[in-house]
Amino acid sequence: MRRVTPDTIAVVDLAVCDRCGLCLPLCPPEAIHLELNVLTVDRAACTGCEKCVGPCPVGALAMVAYA
Amino acid sequence: MPDVDVLVVGAGPAGSVAAWYAKEAAPNLDVVLLERDRAVGSPVRCAEGVGDAGLREFANPDGADWAARKITKVIFLAPDDTEVIVAERGVGWILDRTRFDAHLAAEAAAAGAEVLVGAEATGMSRNGDGRWHVRVKERGQDAVYCARVVIGADGVETMVGRWAGLDTRVPSRDMESCAQYVLQGIECDPDAIYLQFSEAIAPGGYAWIFPKAVGIANVGLGLVALKTDGRNARQYLDAWVDRRFPTAARTGYTVGGVIVHTTIKKTYADGVMVAGDAAHMINPLSGGGITNAMKAGRLAGNIAAAAICAGDTSERRLSAYHRAWMELLGEDHLKYYRIKHALESVDDDFFNKLARTVNKIPQHKRSIGRIFTHALIRHPQLIPVAARFFV
Numbered sequence: 001m002r003r004v005t006p007d008t009i010a011v012v013d014l015a016v017c018d019r020c021g022l023c024l025p026l027c028p029p030e031a032i033h034l035e036l037n038v039l040t041v042d043r044a045a046c047t048g049c050e051k052c053v054g055p056c057p058v059g060a061l062a063m064v065a066y067a
Numbered sequence: 001m002p003d004v005d006v007l008v009v010g011a012g013p014a015g016s017v018a019a020w021y022a023k024e025a026a027p028n029l030d031v032v033l034l035e036r037d038r039a040v041g042s043p044v045r046c047a048e049g050v051g052d053a054g055l056r057e058f059a060n061p062d063g064a065d066w067a068a069r070k071i072t073k074v075i076f077l078a079p080d081d082t083e084v085i086v087a088e089r090g091v092g093w094i095l096d097r098t099r100f101d102a103h104l105a106a107e108a109a110a111a112g113a114e115v116l117v118g119a120e121a122t123g124m125s126r127n128g129d130g131r132w133h134v135r136v137k138e139r140g141q142d143a144v145y146c147a148r149v150v151i152g153a154d155g156v157e158t159m160v161g162r163w164a165g166l167d168t169r170v171p172s173r174d175m176e177s178c179a180q181y182v183l184q185g186i187e188c189d190p191d192a193i194y195l196q197f198s199e200a201i202a203p204g205g206y207a208w209i210f211p212k213a214v215g216i217a218n219v220g221l222g223l224v225a226l227k228t229d230g231r232n233a234r235q236y237l238d239a240w241v242d243r244r245f246p247t248a249a250r251t252g253y254t255v256g257g258v259i260v261h262t263t264i265k266k267t268y269a270d271g272v273m274v275a276g277d278a279a280h281m282i283n284p285l286s287g288g289g290i291t292n293a294m295k296a297g298r299l300a301g302n303i304a305a306a307a308i309c310a311g312d313t314s315e316r317r318l319s320a321y322h323r324a325w326m327e328l329l330g331e332d333h334l335k336y337y338r339i340k341h342a343l344e345s346v347d348d349d350f351f352n353k354l355a356r357t358v359n360k361i362p363q364h365k366r367s368i369g370r371i372f373t374h375a376l377i378r379h380p381q382l383i384p385v386a387a388r389f390f391v
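As they're listed, the protein sequences go chains E and Y. Here the first sequence is numbered in our numbering, starting from 1 and rising by one per residue. Here the second sequence is numbered in our numbering, starting from 1 and rising by one per residue.
A portion of the hints provided could be inaccurate.
[To be verified] Derived DMTMM-like pairs: lysine to aspartate or glutamate, alpha-carbon spacing no greater than 20 Å straight-line:
no., chain 1, residue 1, chain 2, residue 2
1, Y, Lys137, Y, Asp3
2, Y, Lys353, Y, Asp80
3, Y, Lys266, Y, Glu344
4, Y, Lys266, E, Glu30
5, Y, Lys227, E, Glu50
6, Y, Lys73, Y, Asp62
7, Y, Lys266, Y, Asp312
8, Y, Lys70, Y, Glu57
9, Y, Lys265, E, Glu30
10, Y, Lys227, Y, Glu57
11, Y, Lys137, E, Glu35
12, Y, Lys212, Y, Asp65
If you're looking for bench data, these hints aren't it; they were derived computationally from the structure.
Using the sequences and the accompanying hints, generate a full structural model.
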């Protein structure tokens with residue numbers, strides 16, 4: 001599947017993230033991982049769709065410029 | 001490399017019951033139950049309410065230390081705070097999930113399953129010998145478990161399903177974002193759960209008060225992010241609690257996702273079954289998932305044991321699990337899902353009017369069915385909505 005580099009990608013603020021895992025099944029390319037109590041967003045896989053941002057119960061995910 | 005018959009990932013209600021029933025059905029099988037966290041039942045990401053009848057299929061709550069409070073009433077709050085009391089017999093219980101989950105894991109252990117805490121599955125692949133190799137991190141050590149059947153009971157994250165190639169993704173509209181406080185020093189009926197449906201308070205979901213003792217309750221809400229004004233679940237909850245319980249002590253909080261979808265299209269693969277939240281087996285109308293998870297765990301455990309004893313853990317054989325689940329509850333969830341979406345067409349004003357109408361029915365005659373009938377008679381504009389409930 002061809003992937004166009006997005007303008008923005010999701011990043012997580014680990015100081016705010018509660019590790020609830022809600023965002024994992026929302027991510028269409030399955031770019032979010034939760035392992036050993038750390039949530040990570042795979043920069044290479046994130047398509048910038050923002051589907052994870054609004055539903056985060058504590059607002060730990062945000063979009064930043066892809067650079 | 002540890003070689004096991006059944007490897008269960010996740011020691012919540014689905015996983016513990018799956019391990020328990022698999023071992024009970026075939027005592028000579030090796031059954032291992034993995035829990036990522038350091039303690040089964042912690043952290044709690046749950047409002048802890050459960051219906052009486054479903055619970056009793058698995059555990060007796062009378063006098064149990066894991067049962068925090070017996071509930072005999074449901075109080076619906078209209079958006080304008082009008083209360084509608086619905087008394088039913090033996091409504092349910094508020095659990096202490098920390099103790100309840102440990103109780104179920106202990107049942108699995110008593111049946112002979114091995115329970116491992118602090119053991120996180122990090123991936124799995126199908127081996128040439130037809131078994132799954134599951135990578136596990138346990139206290140900093142890497143291990144690979146070789147399993148004939150893997151039961152994925154790993155909750156909302158549902159990684160086992162993903163590793164097995166199942167589609168476990170959730171559309172945004174079907175994910176409820178939840179936040180909850182434990183509040184102390186509040187005034188509410190300790191024998192009742194309160195449910196408030198309001199677009200202003202919890203758009204697309206509802207707010208709840210579930211008492212755990214006199215003056216102590218889980219107070220939370222779930223909402224659909226697409227319907228909000230941009231605030232997150234915790235901010236909505238703060239606004240509601242500030243207004244309703246301004247003097248209460250907030251002694252705990254939790255957040256999490258509740259998948260208000262229908263069962264995933266395929267809950268099985270070669271040597272894999274997925275159960276509970278991981279398979280989206282939540283009642284999409286109520287958001288309740290504990291008894292569903294236990295019932296699915298029982299099916300998965302029994303079917304895993306029978307499949308291994310028969311020497312056939314193929315996808316074809318395990319498809320019996322999916323069929324049994326759909327017949328037991330999955331088909332009902334499809335109906336509840338339609339009801340949920342039909343209810344989206346009614347607004348706060350309607351709920352306020354309905355509450356006042358229903359309060360004219362004597363309390364001893366109120367039931368969910370009567371309220372519904374009343375709603376149709378007094379508010380004929382609901383009939384098209386009602387019609388959609390049953391199609």
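Hint check:
Between the alpha carbons of Lys137(Y) and Asp3(Y) the distance comes to roughly 16 Å, so the proposed pair stays at or under 20 Å and holds. About 10 Å separates the Cα atoms of Lys353(Y) and Asp80(Y), which keeps this hinted pair within 20 Å; it holds. Our distance criterion of 20 Å between C-alpha atoms is broken by Lys266(Y) and Glu344(Y), whose separation comes to about 28 Å. Straight-line distance between C-alpha atoms of Lys266(Y) and Glu30(E) comes to about 18 Å, which keeps the hinted pair within the 20 Å bound.
Note on Lys227(Y) and Glu50(E): the hinted pairing holds, with a Cα-Cα distance of about 15 Å set against a maximum of 20 Å. The straight-line distance between the Cα atoms of Lys73(Y) and Asp62(Y) is roughly 18 Å, inside the 20 Å bound, and the hint therefore holds. With a CA separation close to 19 Å, the supplied pair Lys266(Y) and Asp312(Y) stays within the 20 Å bound. Using a Cα cut-off of 20 Å, the hinted pair Lys70(Y) and Glu57(Y) holds, with the two alpha carbons roughly 17 Å apart.
At roughly 18 Å between alpha-carbon atoms, Lys265(Y) and Glu30(E) fall within 20 Å of each other, so this suggested pair holds. Taking the CA atoms of Lys227(Y) and Glu57(Y), the gap is near 37 Å; set against the 20 Å cutoff, the hint is violated. Taken as a hint, the Lys137(Y) and Glu35(E) pair is honoured in the structure, with Cα atoms around 10 Å apart against an allowance of 20 Å. Taking the CA atoms of Lys212(Y) and Asp65(Y), the gap is near 12 Å; set against the 20 Å cutoff, the hint holds.
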